[in-house]
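> Sequence:
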Amino acid sequence: MEMRLPRSVVEIIDRLESLGYEAYAVGGCVRDTLLGREPEDWDITTSAKPEAVKKAFDRTIDTGIEHGTVTVMKNHVGYEVTTYRIDGEYEDNRHPKQVSFTGNLVDDLERRDFTINAMAYNPKTGLVDAFDGISDLKRRIIRCVGDPDKRFDEDALRMLRAVRFSGQLQFTIEEKTRQAIVERAEYLQNISAERIRVEMTKLLISKDSGQLREAVDTGMTAYFLPELDRMMTFEQKNPHHIYTVGEHSIVSVEIMNDFLRQKNAEAVESLTETTDRVGHDSLQERLEIIDDQIDDGTWNDMEQVIREIVPACDKKTHQVLCLTMLLHDVAKPDCATEDEQGIRHFHGHPDSGAKLAGQILRRLTFDNDTVNRVKTLIKHHDERVQPQKRQIRRAAARIGREFMPLVTLVQYADILAQNPDKAGEKLQRVTAVYRLFMEMEQFHPALTIKELAVTGRDIMTELGVKPGPQIGELLQYLLEQVLDQPEQNDRETLLSLAKAAYSDKIE
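FYI, the numbering for the sequence shown is 1012 to 1518, going by the working numbering.
These are computed hints drawn from the structure, not numbers from a lab. Careful: at least some of the hints might be erroneous.
Once the Cα atoms are required to be at most 27 Å apart in a straight line, the calculated DSS-like pairs of lysine-lysine come out as [unchecked claim]:
hint : residue 1 : residue 2
1    : 1326      : 1213
2    : 1218      : 1327
3    : 1248      : 1437
4    : 1326      : 1218
Since we're looking at a predicted model, the values are computed, not measured.
Based on the sequences and whatever the hints tell you, model everything.
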């Protein structure tokens, strides 16, 4: 079996071999290449000790020298080169107490997590697959190398990685591997929030983010996201909904991911042409049910809006939007009330949800920018702005003009994960609001005090108003006038309005 390796990887392998050492591309890069995917990075394993690797190359960085890892820099790209090693006893289901170097490649591959990640490739030797990873790739299976109990005892994060890989690759977790996860889920308590955050985020934005259900079903979320467990069993008892709070949230994540995978506006496919999922009803089937309830014009208009918004969404925004969908209704169980007809209502859940989501995200060590953006989107996800310019300007002033397109995506995903019988009119409203907002944005109306044609200094200078709270109050008053009538945002008009308002106040 022949694989094409990047030139820099071949050069690193050739250099080490010229010095008498073995060297192979290894792990995820081999797996992804065999699957026809573009590897995110390339790792190399070698019989050379770290000191020998450092001597062999001009530019190296000690990135994990205690574990035998040196980063070799080639053309401003880093390649991790790690010495064949055997891990010693593990402590706290996290890290080996010690590692020892070995001259045997198979010994090194044996310590790895899953068979599909335990393959190595060298252009001269070919593929080394001691644990039948190729077979598992063909069968689309996630299976531990050797005894799954031992693999998860060594590093409990591997359990969450199994689910993450199943989401990214749309593979099924092999039965014994899954059972070992169920029996050891509590070991995740020993894993740092930072490491869990990385795996959870990768799962959340994966091709089959619906595998979040597997994280719940195996008991893992109880130890890092117990709020989701509660949501999964909380019935909404509301005619606008057909799922529990948790299932609705996961479906909305799946839908958002389908939006965001449509990066190329020239090649956008219908949302109802999504790939089948593994292990539960496909999102395709769910969307086809919704499609039957919505007229073609509404559906096509929505897809066109998505085509316009999505190209500007980078990877960080992708994460923010998926986190928003996962947590947008997190406060519903706390806010639920039930009327005399037995219908549940969730007044105040956006504000409460934004606060609770912030606590959850900080617990999971997300950065402040992510936390604040998610909180903003959750706070405003349920705003029912009508397609009237005055309402839209005021909504944009509250939310922030940069958030308006993102709120549109959030509301689309939210609606499509609700009762399809009631979706059409809601989608039409969201589309109409977005269209009017974009039409108004051509003239960039003032939405903040900073965008007014006058400043606090102008008011003090021209009207003789002394510094103090009244300056801010006057500017806020002027903004309110401009939100109602954007054409008033010129210097003379605003100074005249400010003068009249100030005169009324002091009389």
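> With the threshold set at 27 Å, check whether the alpha-carbon distance from residue 1326 to residue 1213 stays at or below it.
Between residue 1326 and residue 1213 the Cα gap is close to 11 Å, so the pair holds against 27 Å.
> For a C-alpha distance cap of 27 Å, please report whether residue 1218 and residue 1327 respect it.
holds (16 Å)
> Does residue 1218 sit within 27 Å of residue 1326, going by the straight-line distance between their CA atoms?
holds (14 Å)
> Keeping to a limit of 27 Å between CA atoms, is the pair of residue 1248 and residue 1437 held or broken?
holds (19 Å)
Violated hints: none; the structure is consistent with every hint.
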